[in-house]
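Residue numbers (our numbering), protein chains in the order written: chain A, 7 to 276; chain B, 48 to 415.
Watch out, some of these pointers could steer you wrong.
As the list claims (entries may be wrong) - The calculated label-pair distances, taken between Cβ atoms and stated as ranges, are:
id	chain 1	residue 1	chain 2	residue 2	range
1	B	ARG114	A	GLU82	25 to 31 Å
2	A	LYS256	B	GLY74	30 to 36 Å
3	B	GLU346	A	ARG218	47 to 53 Å
4	B	GLY235	A	ARG262	28 to 34 Å
5	A	ARG142	B	GLY376	34 to 40 Å
6	B	ALA347	A	LEU248	45 to 51 Å
7	A	ARG249	B	GLY387	29 to 35 Å
8	A	GLN179	B	GLU112	42 to 48 Å
To be verified - What the simulated footprint calls covered on chain A by chain B, stretch by stretch (three residues with Cβ under 8 Å from a Cβ of chain B suffice, anywhere in the stretch; the number is not a length):
id	region
9	150 to 161
10	203 to 213
11	260 to 269
As the list claims (entries may be wrong) - Keeping only pairs whose Cα atoms sit at most 27 Å apart, straight-line, the calculated DSSO-like set for lysine-lysine is:
id	chain 1	residue 1	chain 2	residue 2
12	A	LYS250	B	LYS82
13	B	LYS333	B	LYS397
14	B	LYS327	A	LYS268
15	A	LYS256	B	LYS99
16	A	LYS221	A	LYS141
17	B	LYS341	A	LYS268
18	B	LYS254	B	LYS282
19	B	LYS99	A	LYS268
20	A	LYS250	B	LYS254
21	A	LYS256	B	LYS341
22	B	LYS254	A	LYS221
23	B	LYS333	A	LYS141
24	A	LYS250	B	LYS372
25	B	LYS341	B	LYS327
26	B	LYS91	B	LYS397
Rather than coming from a laboratory, the hints here were simulated on the basis of the structure.
Just so it is clear, CB atoms sit at the ideal spot from N, CA and C, and this is done for glycine as well.
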Amino acid sequence: MSDKPTASNPLMDAWLAGQKAFLDAQAPFWQELSQGSLPDTSDPDQLSILFRRVNEQCRSLFDAMAAIGGLEDEPEENVARQTLRRMLDPMQFSYAGVDEVNQVLLNLVEGTDVPDLMELERQRLKATREWAVLKREGTEYRAVTAMAWARVYRRFLEEVGEDLASGTGSPYQHFETWLRIANDELIRMQRSEEYLDAQRRVLRAGLNYRERERKLIEDWCETRSIPTRSEIDDLHGIVYGLRKEVRALKRQVAERHGTVRKRVNTANGT
Amino acid sequence: MERNEAPDLRSVLENLGTAADFLEGAGRLAGIADKDVEVATTPKELVFRQEKVSLYRYRPIEGVEVRTGPVLIVYGLIGRYTMIDLQEDRSLVRNLLLRGVDLYVVDWGHPTRADQNLTLDDYVNWYLADCVDQILDRAGREEISILGICEGGVLSTLYAAQNGERVKNLILTITPIDFHGDLRDTDGSHGFLNVWTRSLDDSDIRKLVDTFGNLSGEITASIFQMMTPVKTLTKYNRDLLAVTANEESLLNFLRMEKWLADRPDHPGAGALQWLIELYKENRLIKGTFELSGKPVCLEALTMPILNVYAEHDHIIPSPCSTRLKELAGTDDYTELALPGGHVGVYVSRKCQGILSSTLFEWLIERQK
């Protein structure tokens, strides 16, 4: 298989900070939903506790539902099980169609933690310039998306602020309005130079970090005579070239003996 | 509620007036096993296999006369061909078989890092060419009709442009030809894939592919999700709730989920051609895209062409597809605009009906 780094998330700190901006922007939405008072959004620690509790509630609900439906015995890749988990995952809201991409990009470029094997090396890696750049770019990327959410919040208040204050309109209507505004603003943001630049920089930083990590791992492997990723890739390249040559030769022989259709337009010997 | 207390989930749902629906829906969801949501179930037989590539022939439906020559369905390397046969009542495959089309499909499999050097040339002039030869030998024919889908439409176009003598008809659906066509689309929500790719330097793309060997399916999936930000936001709550009351709708939702989750990695060398030479440099319409060392000339497409596109396609904006009309060398060019979006062409019941009947009639008229 291709490299499938696991979902390690060393940018959790930056993410938690991002939650503050996110919750600030969504405050009226949650207020409308819960019809209760909001937490103190100026305190990141309290926000973390709040989010943890919501997550715990949802996890409990998932476990209960899975047990009732018999899903607990199904494999993790069961599509209904995965969908139920997403349905009960409050993080789905925070991804909001833009940060999910960032998460995937970051997960992919950050790669797998190998804690037992190379703890010291890993620590060293996190002290590198590439790591610092990755953290900075990740934070700046989230700042750009947070600004878009702030614009959503502002527009939402402009459009329905009075209704909210007077209790006019249903939560469903407000929810739909919120979604429409969010869609407009997020799509507009995605096409802005600012956003594209921030995403390009976070991607580049992640790949540079990954490159650094690979070199470190390969150095470690070489000292222990373990084949490296680069060596295996070289091997794939050689096998690919040989496959093409063998195929071209077989084709020539078969065409000469008239056992296959002649191809007039292909030039690569296939 | 205390200020730092998490809002009680049940009270939140009750405020939405959907608590009962939510719990009932979640309960229904929890009772569904994987076997309930199988996809691509139309019977087919393996004709030919080469490495990870498989060619299948769909079994004709009993009692239905085969009325056309062989038609080969070519899906892209992004996503799986199972989209055309997601469920029995919304299956392009079944709809065509019911009308008497002799149908084949090529399955590219799941490329791995060992396949990172495969180029578009290899897919067109190696695997696809072998599949076509296999079908022609088997059917005792000299020509075949090809039905390309999305990136598979591009592969089909490349093949047809260089192997015109083997292609009787070319049918393209939601296929990009002019990769900068998004610039002529006035809908601001369309074409983000084009914008995103152009925003990257070539070196970024090379590094992205080099780092993982291939273009990761996870990356492409996330880009697709990014294109519809609020849809992604509401998918597993509002949208899912809307379908959970009806078991059949819920199963359809899950089948689509299954297809979405099955996103293979795109072989690296081919991905570089796809992203840099096509998406960024737009070489296909300039006549500078080379396959097997020879430039691909769209004027060489002299066979009948049916070009199907979606009017509200946010992934392949319609101007990207319709540009073919100006560039193809054929005198027999037909366009079919379908309502809805990219995937809707294959999963919307309405589109399915229009597509399969138009496609069949168009084919029958060109059987002689």
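Verification of the supplied hints:
For the pair ARG114 (chain B) and GLU82 (chain A), the beta carbons lie near 46 Å from each other, so the given range of 25 to 31 Å is not met. Between LYS256 (chain A) and GLY74 (chain B), the C-beta spacing of about 58 Å breaks the proposed range 30 to 36 Å. Range check, GLU346 (chain B) to ARG218 (chain A): Cβ separation about 48 Å, and the 47 to 53 Å hint holds. Between GLY235 (chain B) and ARG262 (chain A) the C-beta distance comes to about 58 Å, which lies outside the given range of 28 to 34 Å.
Restraint check, ARG142 (chain A) to GLY376 (chain B): a C-beta distance of roughly 53 Å breaks the suggested window 34 to 40 Å. Checked against the given bound of 45 to 51 Å, the beta carbons of ALA347 (chain B) and LEU248 (chain A), roughly 32 Å apart, lie outside it. Range check, ARG249 (chain A) to GLY387 (chain B): Cβ separation about 42 Å, and the 29 to 35 Å hint is violated. Separation of GLN179 (chain A) from GLU112 (chain B) is about 55 Å and departs from the stated range, judged on CB atoms against 42 to 48 Å.
Check on the region 150 to 161 of chain A: 0 of its residues sit with their Cβ under 8 Å from a Cβ of chain B, so the three-residue criterion for coverage is violated. Evaluation of the coverage hint for the region 203 to 213 of chain A: fulfilled, as 6 residues show C-beta separations to chain B shorter than 8 Å, against a requirement of three. For the region 260 to 269 of chain A, the stated coverage by chain B is satisfied: 3 residues place a CB nearer than 8 Å to a CB of that chain, which reaches the threshold of 3. A threshold of 27 Å between alpha carbons decides the hint, and for LYS250 (chain A) with LYS82 (chain B) the separation of about 40 Å lies outside it, so the pair is violated.
In summary, the hint linking LYS333 (chain B) to LYS397 (chain B) is not supported, as the alpha carbons are separated by about 36 Å, beyond the 27 Å threshold. Between the alpha carbons of LYS327 (chain B) and LYS268 (chain A) the distance comes to roughly 35 Å, so the proposed pair goes past 27 Å and is violated. Proximity of LYS256 (chain A) to LYS99 (chain B) is assessed by CA-CA distance (about 19 Å); at most 27 Å being required, the pair is judged to hold. A hinted pair counts as satisfied when its Cα atoms are at most 27 Å apart, and LYS221 (chain A) with LYS141 (chain A) qualifies at roughly 20 Å.
Pair hint LYS341 (chain B) plus LYS268 (chain A) holds up; C-alpha atoms about 18 Å apart against a cutoff of 27 Å. Between the alpha carbons of LYS254 (chain B) and LYS282 (chain B) the distance comes to roughly 32 Å, so the proposed pair goes past 27 Å and is violated. Restraint check: the Cα-Cα separation between LYS99 (chain B) and LYS268 (chain A) comes to about 24 Å, which is no more than 27 Å; the hinted pair holds. The suggested pairing of LYS250 (chain A) with LYS254 (chain B) holds, with an alpha-carbon distance near 25 Å, which does not exceed 27 Å.
For the proposed pair LYS256 (chain A) and LYS341 (chain B), the alpha carbon gap of about 22 Å is at most 27 Å, so the pair holds. A distance of roughly 14 Å separates the Cα atoms of LYS254 (chain B) and LYS221 (chain A); the hinted pair therefore holds under the 27 Å criterion. Distance restraint check for LYS333 (chain B) and LYS141 (chain A): the Cα-Cα separation of roughly 41 Å exceeds the 27 Å cut-off, and the hinted pair is therefore not satisfied. A C-alpha spacing of about 35 Å is found between LYS250 (chain A) and LYS372 (chain B), which places the hinted pair above 27 Å, so the restraint is violated.
Restraint check: the Cα-Cα separation between LYS341 (chain B) and LYS327 (chain B) comes to about 20 Å, which is no more than 27 Å; the hinted pair holds. Of the pairs offered as hints, the one joining LYS91 (chain B) and LYS397 (chain B) holds, with about 25 Å between alpha carbons and a cut-off of 27 Å not exceeded.
Violated hints, in rising order: 1, 2, 4, 5, 6, 7, 8, 9, 12, 13, 14, 18, 23 and 24; the structure is consistent with all others.
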